[in-house]
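Take a look at the letters that make up each chain.
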Amino acid sequence: MSVAADTKKLVARLVLGTVLMFGFGFAMVPIYNVFCEITGLNGKITRTGESEQPLVVNQDRTVKVRFISVFNEEMPWEFEPMQKVYQVNPGQMQQTAFVATNPTANNMVAQAIPSVSPSEAAQYLQKVNCFCFDRQPLDAGATAEMPMVFFIDPEIPEHLDSITLSYTLFDITDQQQVAEAKNDNNDKRSTL
Amino acid sequence: MSTADITAEHHDDHHDHGPAKGLSRWFFTTNHKDIGSMYLWFSLAMFLVGGSMALVIRAELFQPGLQLVEPGFFNQMTTMHGLIMVFGAVMPAFVGLANWMVPMMIGAPDMALPRMNNWSFWILPFAFGMLLLTLFMDGGAPNFGWTFYAPLSTTYAPDSVTFFIFAVHMMGVSSIMGAINIVATILNMRAPGMTLMKMPLFVWTWLITAYLLIAVMPVLAGVVTMMLMDIHFGTSFFDAAGGGDPVLFQHVFWFFGHPEVYIMILPAFGIVSAIIPTFARKQLFGYASMVYATASIAFLSFIVWAHHMFTVGMPLAGELFFMFATMLIAVPTGVKVFNWIATMWRGSMTFETPMLFALAFVILFTIGGLSGLMLAIAPADFQYHDTYFVVAHFHYVLVPGAIFSIMAAVYYWLPKWTGHQLNEGAGKFHFWMSFIGVNITFFPMHFIGLAGMPRRIPDYALQFADFNAIASVGAFIFGLSQLIFVWNVIQNIRSGKKAEAKCWEGAEGLEWSVPSPAPYHTFTTPPQIEGAK
Chain A
1 MSVAADTKKL VARLVLGTVL MFGFGFAMVP IYNVFCEITG LNGKITRTGE
51 SEQPLVVNQD RTVKVRFISV FNEEMPWEFE PMQKVYQVNP GQMQQTAFVA
101 TNPTANNMVA QAIPSVSPSE AAQYLQKVNC FCFDRQPLDA GATAEMPMVF
151 FIDPEIPEHL DSITLSYTLF DITDQQQVAE AKNDNNDKRS TL
Chain B
1 MSTADITAEH HDDHHDHGPA KGLSRWFFTT NHKDIGSMYL WFSLAMFLVG
51 GSMALVIRAE LFQPGLQLVE PGFFNQMTTM HGLIMVFGAV MPAFVGLANW
101 MVPMMIGAPD MALPRMNNWS FWILPFAFGM LLLTLFMDGG APNFGWTFYA
151 PLSTTYAPDS VTFFIFAVHM MGVSSIMGAI NIVATILNMR APGMTLMKMP
201 LFVWTWLITA YLLIAVMPVL AGVVTMMLMD IHFGTSFFDA AGGGDPVLFQ
251 HVFWFFGHPE VYIMILPAFG IVSAIIPTFA RKQLFGYASM VYATASIAFL
301 SFIVWAHHMF TVGMPLAGEL FFMFATMLIA VPTGVKVFNW IATMWRGSMT
351 FETPMLFALA FVILFTIGGL SGLMLAIAPA DFQYHDTYFV VAHFHYVLVP
401 GAIFSIMAAV YYWLPKWTGH QLNEGAGKFH FWMSFIGVNI TFFPMHFIGL
451 AGMPRRIPDY ALQFADFNAI ASVGAFIFGL SQLIFVWNVI QNIRSGKKAE
501 AKCWEGAEGL EWSVPSPAPY HTFTTPPQIE GAK
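Protein sequences appear in the order of chains A and B.
Under our numbering, residues 1 to 192 are what the first sequence spells out, in order.
Under our numbering, residues 1 to 533 are what the second sequence spells out, in order.
Take the hints with a grain of salt, since some may be wrong.
Said to hold, decoys possible - Partial pick of chain B residues on the chain A-facing surface, computed with a CB cut under 8 Å:
id	residue
1	Ala112
2	Ile214
3	Leu248
4	Phe255
Think of the hints as simulated: they come from the structure by calculation, not from any bench.
Glycine is no exception: its CB is placed at the ideal position from the N, C-alpha and C atoms.
Please build the complete structure, drawing on both the sequences and the hints.
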């Protein structure tokens, strides 16, 4: 009878739809990242690297750049910007640093995650060099200066006169050890 | 199909024509009426369990300070109350109604996939059994709210979160199987002559709801799978330290979550569209526009999700888009409310219990819809966000919205199921107690919300004390009056005056052409549809 055949076909299509939508849920992860990259949404992604053109410094206006450090709740480090507020001319290269101390008795590794507010400003803040590009190991009890160099794109619109850049520090010692252990194993295998 | 075919097929059919005896009837049944009843009983049980949790919450909030429960347990109660009511009470109740009524409304002998129907029901008790057992585990039940935002539900979650994730997977599988079955039934099993635009509106709204379920339940399964991987397999979907983003969780969750709220209201629209014409003794006004309005609401539900997260720091363009898209939903919803009112206009109305619930639905759901419009205003939402105003809003659309429509449906079709006429006295008593209770409970929440009381807290500032006390009294009135409902239904099953096939004078539709109670097998021969060739 044709009803049974129709039903089979329809059910197959509906099951396929279900599977595709399950995949779509996961596809939202890269879609979201690309979307954020294009729109600068959530202030997570800033431009990095050297300037493409020689910079023209705009002497007529300054932009206030404020640095904030945030701790993940389980992070015992001390972590502070050296200077909290800068008044910079758009196009002017500025160097600063954060000071980190590891007060524990263990060697640890941290990763800083930046966030820019307002998010619209993210695309005008360019980091030439930043400690957040790399993992930051710190021995027990040690203190280190973690440098960063940035400038503000001269194209920045008039209404953006204040930018806040916050860094959240995460303890990634455990993940780091797991990764190293894996690398060690691979090394051993390759030497065998 | 000719009559000869049907008789030939009938002779091949060696099943006996009544239900099997004993418990095995319920375990092995593939009969849509049996499965519909089981869904409805299950939903009633969950409604009472989730309702008791709500009463724990309201009892604690009767006075400021901590009196009855620990804050941790309070959080478990708010979480479990939400999960159980959404996934355990409202959704299975609608699936149960669909099981009972859809085949009878379209002139089909049963659901298209009866064996799978049995499966999709029997998964549910296990899913909710597992979810409820987390209350007795070390570290307690899930305590992160029914929206289970990461990292609260990942990094900071109790160990029982894994059981929660598997429970959600199981309910998702059950819902998807139910939805596939309903789509297949509606598209392939209609009696000859029952064209799509002749289907009762309850069937239409369920068809659209089923498509919504198939589209978004897999996304929910995806998001809990990502949580599972973050918790146990070291991925970082939502963990900022590993390059993930907690805001991503909210996007994926609400991509499921917003269509989900329409899954809980579209079948209600269908029920009310069946009941109001019956008791106004007029045809439904604007049938085609009702169908198109339902479809537009379903479509719009996919592009408004971020109005739940105006405060996460979206760009202005995003806030504006989601604000206007959300407000656009008021248009098709307004069409529906207009049509219901136009149906009643100059009708010969009578006010039996189902009609009272349906009317209360129209009025109170509109109040909930309007407070939803207030929340859609992005700049104002920064004040309302995560306050009791939100609680008032979604309880107005879910309790006197979805729940009242289910009550209306049960009272409307109960004589068809049990064969006994309704006890109108008890029904009306239940209605008025519920109506008064619901408004005393949820109306004051608008005021405390606007004044700034946050949701999901066990204790609050003194100035909110009076309205909270009023809301708690209302909650106990509403909660206890549901016992009248339970008593009334059980009484109706056991005794009552014999109901006729068409027990409501103005009722129309195929379900009223079969005797009351509906025989175990209906429409084994397709019925003749009026106006069909």
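Verification of the hints:
no. : hint   : in the structure
1   : Ala112 : 5 Å, holds
2   : Ile214 : 5 Å, holds
3   : Leu248 : 5 Å, holds
4   : Phe255 : 7 Å, holds
Hint compliance for this structure: every hint is met.
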